[in-house]
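Assemble chains R, G and X onto chain W, guided by the hints.
4 protein chains.
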Amino acid sequence: MAKVVSLKKRAKVNNAPVHADIKDPLQAEKGRGRIEWAGRTMPVLNQIRERFAKQKPLEGVRLAACLHVTAETANLVIALKEGGADVALCASNPLSTQDDVAASLVVDHAVSVFAIKGEDNDTYYRHIHEALNTRPQLTMDDGADVVGVLHNERTELLEHVIGGTEETTTGVVRLRAMAKEGVLKYPIIAVNDAKTKHLFDNRYGTGQSTIDGIIRATNRLLAGSVFVVAGYGWCGRGLAMRARGMGADVVVTEVDATTALEAVMDGFRVMPMSEACRMGDFFCTVTGNIDVIRQEHFEKMKDGAIVSNSGHFNVEIDLKTLHKLAKGRAVLREFVEEFTLKNGKRIIVLGEGRLINLASAEGHPSSVMDMSFANQALASEFMVKNHRKLEKKVYAVPEHLDQEIARLKLRAMGVKIDKLTPAQVKYLGSWQEGT
Amino acid sequence: MAKVVSLKKRAKVNNAPVHADIKDPLQAEKGRGRIEWAGRTMPVLNQIRERFAKQKPLEGVRLAACLHVTAETANLVIALKEGGADVALCASNPLSTQDDVAASLVVDHAVSVFAIKGEDNDTYYRHIHEALNTRPQLTMDDGADVVGVLHNERTELLEHVIGGTEETTTGVVRLRAMAKEGVLKYPIIAVNDAKTKHLFDNRYGTGQSTIDGIIRATNRLLAGSVFVVAGYGWCGRGLAMRARGMGADVVVTEVDATTALEAVMDGFRVMPMSEACRMGDFFCTVTGNIDVIRQEHFEKMKDGAIVSNSGHFNVEIDLKTLHKLAKGRAVLREFVEEFTLKNGKRIIVLGEGRLINLASAEGHPSSVMDMSFANQALASEFMVKNHRKLEKKVYAVPEHLDQEIARLKLRAMGVKIDKLTPAQVKYLGSWQEGT
Amino acid sequence: MAKVVSLKKRAKVNNAPVHADIKDPLQAEKGRGRIEWAGRTMPVLNQIRERFAKQKPLEGVRLAACLHVTAETANLVIALKEGGADVALCASNPLSTQDDVAASLVVDHAVSVFAIKGEDNDTYYRHIHEALNTRPQLTMDDGADVVGVLHNERTELLEHVIGGTEETTTGVVRLRAMAKEGVLKYPIIAVNDAKTKHLFDNRYGTGQSTIDGIIRATNRLLAGSVFVVAGYGWCGRGLAMRARGMGADVVVTEVDATTALEAVMDGFRVMPMSEACRMGDFFCTVTGNIDVIRQEHFEKMKDGAIVSNSGHFNVEIDLKTLHKLAKGRAVLREFVEEFTLKNGKRIIVLGEGRLINLASAEGHPSSVMDMSFANQALASEFMVKNHRKLEKKVYAVPEHLDQEIARLKLRAMGVKIDKLTPAQVKYLGSWQEGT
Amino acid sequence: MAKVVSLKKRAKVNNAPVHADIKDPLQAEKGRGRIEWAGRTMPVLNQIRERFAKQKPLEGVRLAACLHVTAETANLVIALKEGGADVALCASNPLSTQDDVAASLVVDHAVSVFAIKGEDNDTYYRHIHEALNTRPQLTMDDGADVVGVLHNERTELLEHVIGGTEETTTGVVRLRAMAKEGVLKYPIIAVNDAKTKHLFDNRYGTGQSTIDGIIRATNRLLAGSVFVVAGYGWCGRGLAMRARGMGADVVVTEVDATTALEAVMDGFRVMPMSEACRMGDFFCTVTGNIDVIRQEHFEKMKDGAIVSNSGHFNVEIDLKTLHKLAKGRAVLREFVEEFTLKNGKRIIVLGEGRLINLASAEGHPSSVMDMSFANQALASEFMVKNHRKLEKKVYAVPEHLDQEIARLKLRAMGVKIDKLTPAQVKYLGSWQEGT
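Protein chains in written order, with the working numbering: chain W, 518 to 952; chain R, 518 to 952; chain G, 518 to 952; chain X, 518 to 952.
Hints are computed from structural coordinates only; laboratory data are not their basis. From a predicted model like this one, the values you see are computed outputs, not experimental measurements. Watch out, some of these pointers could steer you wrong.
Below, a sample of chain X positions facing chain G; criterion: calculated Cβ distance under 10 Å [claimed, not checked]: (1) E553; (2) A588; (3) R652; (4) F717; (5) Y721; (6) T735; (7) G755; (8) R759; (9) G762; (10) A878; (11) P882; (12) M930; (13) K933.
Listed next, the in silico DSSO-like pairs over lysine-lysine satisfying Cα-Cα at most 27 Å (straight line) [claimed, not checked]: (14) W:K936 - X:K841; (15) G:K702 - R:K943; (16) R:K862 - R:K573; (17) W:K837 - X:K943; (18) R:K841 - R:K817; (19) G:K837 - W:K933; (20) W:K702 - X:K841; (21) X:K817 - W:K933.
All C-beta atoms in this analysis are idealised placements derived from N, C-alpha and C, irrespective of residue type, glycine included.
One chain only, chain W, in its complex shape (with noise of 0.2 Å):
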C-alpha cells in the first residue's frame, strides 16, 4: 500500500516537514482555541503534564495511538510529547475527527496525524498503515484497530513493540479473546478497567454525550417518548439514567440475567428487543455486539422511529439488511438519513449507526476525558518502565494510580472528603472488636 502524503498538507514546524493527512493545516488556529478550551477542564492530565515535560519518563519512545481525534485526545497527545515521546496518530472511527484539531496538531505541535473526517474505509485502514509506518514501541488503541493489524498484516513490525494500552470495553473484550487463545504477542494495559476510567468516561460521558448527539442530529424531544437503550453494561446505564433525566420513559434491553435485574430494579421496563422495538421512538444500542437491531426488528417497528448507536462499532445495527429491506432512502437533515420499507414504514438512522456522540456531537466532555486519558499517560508510563516484568496477557491499570487519579481529581473540583482516624483504620482491620 503506497503511501500518498500530498505535499499541501505536509505541515512544517520550525522548517521541519511533518508527515501527516489531514483535511486542512488552516484549520489550525480553530483547532487552536479547542484544544485550550478542552484543556481548561483536564486538570489532572495538565498536572501529569507538567511533571512529563520535566522528567522525560517516555524520551525518544516511538507511540502510535489511534484514537478519536478531538480536542481531548490533543491534550493526551501533547502531554505524552512533553514527556519525550514520538506520537503518530491515526483515527479510531472514520466520523469522529475534529479536523481542526488536527490541523493544529500537526501544524502547532509536528504531531504526525492521518485522519480526516468522513474518510472511507479504505482511506480509514491506509491511516492506520501509516502510524505503524513508524515503528511503533508502544501503541494506544481505541477498539484494538492497531492491535489488529500489527498481529494480522504487519506482524513484521512486532518485533518493536514492548506494550500497549486500550480504552474501550469493546477492544478489551477483544484483546481478551486474543491472550486466550495465546496469539497476544506483547502485554497491554487495559486503560477501559481502570475505575477512574469505566465508572466515569462510559458512565457520565457516554450519557451525556449521546443524549447530546441525538439531540443535535434530530432537535426531537425526549419528554414523553418511549427510549429503549440495548444494553444495561456501564455505557448503557449513563444513557439510560441520562434519558429518564431528560423525561422519557426508558425501556431496557439485556442478555445477562442479573445486570437485567438491576435494570428491573431502577425502575425500568425491561423486555427482548422482538417487543421493544414495537413500541419505541428512539432506540440507541450500546452493547460492544453485532446485530442487536437487524431485520426482525427493523419490521415491526413504528413508523418513524428512530436508530441511532453508541456502541464502539457500527456493527450493532444490521445496516446491510436495511438497505436490503429499503425501497427508499433519503437525507433529511445532516446525519439524519430515512430508509422506507416495504411496508410503508419510515425508518430513520443517525450517523450511520457510527458512534452518535462522535459523529453529531463533540464526543465525550473532557472533564471525563481527563481521567481516561490520565489514565493512557501513566499507563504509558508504567508500561515503558515495567514492561520487561510483563506477560504477553492483558493486565489492569495498577491501583494506585487508578486512586492517585481520583484524588487528583477532586482535588481540582474543589471536593474535599474524610480521612478515617488511626482507630477507624484498626477496626477495619481487626476482626477481634466485638459488636
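Below, chains R, G and X without anything else, positioned relative to chain W:
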C-alpha cells in the same frame, strides 16, 4: 427609516416578487428539508392546517408575525397562509433566525420575511417596521415588540388592527401592564396562558432546549457540576428538572416565597443570588426580569463560571456592566465569550446573553411548538370571528380550544385515557352523596 | 339520636367535666408526647398560636371541627382554643383517629372530642351530630361532611352559623356544586385552594405518607414493581413522583386530556385503567371520584395485585362489588385483606379502601400540615372578622394570608430568597422598556 | 455460662420438646401469617425449598444460624430444614427479632430459636452460646458474631465445623482480616459478594427499608430536608437514591476518592462530615466503620438534628460520648430519643443507633431477601458437597449459582430478556472480525 430591500433578496414565486430581507434565497432547499422534518412531529398543527385549507377562516386577513424564525414557525406561517392570511414575518430575536428556513418561506411559500441571523439592533427594529408596513390587521408577538413599536412609534397603523396574540410570559406581563394603564389599543389573546402552551412549551421545551444550547456551546459535562437556575416559573422548573436529570447539583434562586418553597420541597437548594453566585459552575437566568446577574454577583463568581440566559430578552444578565468590569475579552468558541475581571477571574458568557436555546441550538423541539402554535392558529381564527365583542384587554385562550388541542395531541401520540362513567359524572356534580 | 357519653370518658379538666366520646383517657400521656413532637415542625402555626393567645380573635366563638384527629390537628385545635374559641372535634374518617391524641385533647386541653379509631358508620355520624349539638358558629370541614349533615339533617342549626372552612379538594368540589345550585347557606373559605395548602400538603404530604402507608401495611419492595396511580391531580403527581423515587415503574390513569399529557411528558406511561389493571403490582386511587377501580378491572388483575386508596372517601375502589365477586376472604396482616376471585386470582385490599396514609400510617407529616392548618387558623379569623361582607359562596383564602404563610415557613426553615431591586420592580411594571 | 431455658418457652412440636428461648409461643399464629406473607414474594427460595424437600442435600447436618429473626429468615430456615438440616437460630441484632416469627418457628417448625426482641447484651451473647451448644457443622452468620465467639471463646467446638457462610459486608471485612492473619479455622462463603446479593439486598433493600424505618420512627417529611448519608458503598448509594427520591437534598460523606467522585457525578454534594454535620436535618450512617459521627460532629449539629444508623453494628454513631455530652435525655416516641447538649441544642437518636430498618421497621422487603437467602441456601449445599476441597479462606459464591438465581428471579417476575444469537456469541469470542 428608509426601506432597503436588496434586489437579490427579492425572491420571486411564480414570477411575482416577494418583499423580503433575508440572508440568502439559495438556502431554500436546506430550509425546506428542515421545515418538513419539523412538521412531522406537529400533528395538531397539521390537522388545523388541513381544515384551514378548506375553510379559509383567515381569508384576506393581513397578519404581521414577530416570532423566532424557525422551522416550527414556518409550519405555523404555512398553516396561516393556507387559512387565507397574508403574512409578514420578522424575527423576535436577532440571533434566533434560521436563515435557510427564512429562505424557504420566501422562495417556496411567497411569505414576506424580514430576518437575518445575527442582525444588529438597528436592522432588528427596521425589520419590525418592514413587517408593520404591510398594515396588519392581526399582530402575532413573541415578547410584545410589535405591540410596543405600534403603540410607541407607528400609532397611525393602529386603526387597522383588530387584535393580536402573544406567545410569551414576558410579553403577557408587559401587555397586562399596558391594559392596566389603559393604553392598550386592541384586544390580545395571551396564548402563553393556555395550559397546552405554558405547561408544555415553557417547561419541557425550554428545559430540553436550554440544556441543548448550553452543551452545544460548551461541550462541558453537567454531571457533578453546580448549576444555578435563576427563576422557578414554568421555564425555570423545566430547566431545573433537566439539569438535575443530567446529573447536576441544582441551586434555585427566586423572589416569590411560595414558588421558592416549592423548589425547596422539590429537593433543590434555594438561596439568594448573592450566595449562589459563589458556588455555580453554570448559571442560567429564566426570570423575565432585568439584571438578575449583576456586578455584585460577577465579582464573587468562581474562575471560569459559565453564564447564560434562557429568558426572553437579553437583559437578565447585566452585560453592559460586565463589559466595563472586564480588563480583557476573548471569543473561545462560537457563542463562548470570556471576560477577564480585574481580580483575574474569568467569566464565560454564552450567546451574548440571548436566549441560549435559540442562539446555539435550534429552539424548542417541534412537538411542543406543535401545541403552542396550534393555540396561535386557533387564537387568530377566534380573534377574526370575535374581535367585535372583545374589549381592549388581554384575554385567555378559550378553554374549549385548549382542551381540544390536548385531545388531538394525545390521539396523535397514540395515548388513550379514561372517560368518566355516567355515575362518576353524577357523583362529581352532586353534594348529597354520603361518605 | 340519643347522646350517650359514658361517664368514664367524661374527662375532667380543672374539675369541670368535658363532653367527649373517646377510646381511653388514660392514653393522654402518650398523646401528649405525640402532639409535642408534631408541634416541633409546625413553626408557622406556632407563631399564629402565640399571636392568638395575645389577641384572642376567636373569643367566645363556638367552632365544630370535623378533621382527622391526629397530632397535627391537635396543634391546630390548641391554637384555636388559645385564640378564644370553644372547639368540638369529631373525626373526618373512621380509621384516621389517633386515640392517644384524642385523649390528650380531652384531658390536657378540655376539648370536646368525639372520635374513636375504627368506629362504625353509625358511630361516625353520631359523633358528627355530637359536635353539631354544640350549635357551632364556625364549621371546619375535611370532606364537607359537617356541611352535608347540617344542610340535610340539622337545618335548625344553620341560623347560628356565620361561616366555615374546607380542607380538601373533594370537599371543595361538593361545596362548589352546592353553591352553584344555590343551596349553600353560609360562606365557606376553600382552604384547599390556598397555594400554601394544595401545592404542599396534597403533593408532598400525600406523596410521602401514601408510600409510607403502603409500605407499613405490606413491607413490599417498590423497586422494580409496576405502580399504577389513578389520577394526576396534585395528590396524584405527588404520589407518582414518590413511587418513581422508590424505584417503581409508574403508570398513570387520567380523565383530563391536558393533565394526562403532563403525565406523559413527565415520563410516565399513561393508559386507561382497563389496560393498566392488567399490569399493576400496586394500585392507588387519588381521584376524588367513585368506582375508579371496579369489577371490569378486578377481573383482569394479576394474582396478588395490591389495591389501595389515598383519595378522601373510601368510594374510589368499588369494594361492594369486590365482596360479591370474592369466593374467599382472609386478613393476612393488619390492614391487609385478601379477596380470592372465582378465577382463583387473589386481590389484596389495604386499609379497607380508606385513606391508606391515615389507616396504616400517621397521615401527612406535620411540617406540611403546618401550612395547611396555618391557613385554617387564619381563615377562621378572617371569617369571624369579615363574615358580614361575604355571600353564601365558596371563597379563596385571601392571597396576602397565603403569601404570609409561605414567608413565615421559609424563615422558619432558614431559607433566604432574593428581593426585587427597585429597578426590577419598575421593569416588571413597565411596558415601554425596549428589547 | 449456664443455660436457662424457661419451661414455659420450651415449646412442644408433636409432643417433642424444642430447646428455645423466645418471648411468647402464643404469638405463633401471628408469626405464621407473617411468614406466609413474606414467602409469597420469595419465589426463588421457594423453588429451592421444593428441590431440597426432595433431594435432602443437608440431611443430618447441624447448622447454627445467627441472623435477623424475621419472616424472611424464617422462610430460609424452613427451606434448610426441608433440606434435612437441624437448625439452631439466634439473633444477629438485639433489636431486630420479630417475636411472633420466632414463636411460629418454634411451635410450628420445631426450630430451636434463641432470640427475644430487645434482649440485653448479656442475653444476646448467651443466645449465641446456646446456638453453639448444638455443636454446629455449618455456621451461617450476619456480621461474623458466631465466627467470632467460636474462634475466641468456644474453640473446643471448631473441630465439628466444616464451613460457614456470611451475609454482610461488615462480616466479610472481618473474615478477610482473619484469613489474612491466618487465624480463620474453616472455609467461609461470602454470600454478600454474590452479585444477586449485594447488588440488590444492599442497594434496593437497605435503600427502601432505611427510609421506611426513619419515617416510621419520626413521621417527618423528607422533602425539602437535608439528608446526610455517610458512606457511598452499595448500601449508601441505595439510601442516597431513595432519600433523593423522597425529595431530600442529599449530602454524601466518603473516605474513598473514587467512590466520592461517583457520588459527585451522581449529582450529590460530597463533603467531610465536619462540614456536613452543620447542615443535616437527617443523618444516617452506612459505612461498616466506627465513630463515623462523633463528638466533634454532635457539637456542630443544628438543633433537632435526627441521627440514625443503617450499618450492621451500632458502633457507627459514638453514642457513649453523646451520653456523656448530654445534660438531658428524653424518649419522645418509640425509637426516638432526645439528647440535650450543654449548648442547648437537641440531638435526636433513632433506635439506639442500631440498624434502623430493623429497629423501627421490618427489615428488607422479602423480595430482595429472596435472592440473598437463595444464595445462603445454595452456598450451604455447596459447602456440604465441597468442603473437603476448600482451604480455610473466604470464598465467593460460585458464579453459576449466582447466575441461576438471577435467572429464576427474572422468570418469577415475568421478565424476559434477550439471548445471544450464535453469530453474536461468535463475534464476542473472536478478535479477527474487522471494524
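Outcome of the hint check:
Checking X:E553 against chain G by beta carbon gives a least distance of about 7 Å; that is within 10 Å, so the hint holds. Among the interface hints, the one on X:A588 holds; its C-beta lies about 8 Å from the nearest C-beta in chain G, closer than the 10 Å criterion. Taking 10 Å as the C-beta cut-off, the interface hint given for X:R652 is violated, the closest approach to chain G being about 35 Å. Annotation: X:F717 was flagged as interfacial toward chain G, and the flag holds, the nearest CB pair being 9 Å apart, inside 10 Å.
Given the 10 Å rule on beta carbons, the hint for X:Y721 holds: about 4 Å separates it from the nearest Cβ of chain G. A distance limit of 10 Å between C-beta atoms decides the matter here; for X:T735 the minimum to chain G is near 8 Å, and the interface restraint holds. Among the interface hints, the one on X:G755 holds; its C-beta lies about 9 Å from the nearest C-beta in chain G, closer than the 10 Å criterion. Checking X:R759 against chain G by beta carbon gives a least distance of about 6 Å; that is within 10 Å, so the hint holds.
The interface hint given for X:G762 holds, since its Cβ lies 2 Å from the closest Cβ of chain G, which is under the 10 Å cut-off. Among the interface hints, the one on X:A878 holds; its C-beta lies about 8 Å from the nearest C-beta in chain G, closer than the 10 Å criterion. With 10 Å as the threshold, the beta carbon of X:P882 comes within range of chain G, its nearest partner Cβ sitting at about 4 Å, so the hint holds. At about 7 Å, the closest approach between the beta carbon of X:M930 and any beta carbon in chain G falls short of 10 Å, and the interface hint on this residue holds.
Annotation: X:K933 was flagged as interfacial toward chain G, and the flag is violated, the nearest CB pair being 14 Å apart, outside 10 Å. About 25 Å separates the Cα atoms of W:K936 and X:K841, which keeps this hinted pair within 27 Å; it holds. The straight-line distance between the Cα atoms of G:K702 and R:K943 is roughly 22 Å, inside the 27 Å bound, and the hint therefore holds. For a cut-off of 27 Å, the pair hint linking R:K862 to R:K573 is broken: about 59 Å separates their Cα positions.
Note on W:K837 and X:K943: the hinted pairing holds, with a Cα-Cα distance of about 19 Å set against a maximum of 27 Å. Restraint check: the Cα-Cα separation between R:K841 and R:K817 comes to about 16 Å, which is no more than 27 Å; the hinted pair holds. At most 27 Å may separate the alpha-carbon atoms for a hinted pair to count; G:K837 and W:K933 exceed this at roughly 60 Å. This hinted pair does not check out: W:K702 and X:K841 have alpha carbons roughly 66 Å apart, beyond 27 Å.
At most 27 Å may separate the alpha-carbon atoms for a hinted pair to count; X:K817 and W:K933 meet this at roughly 18 Å.
Hint check: violations occur at hints 3, 13, 16, 19, 20; the rest are consistent with the structure.
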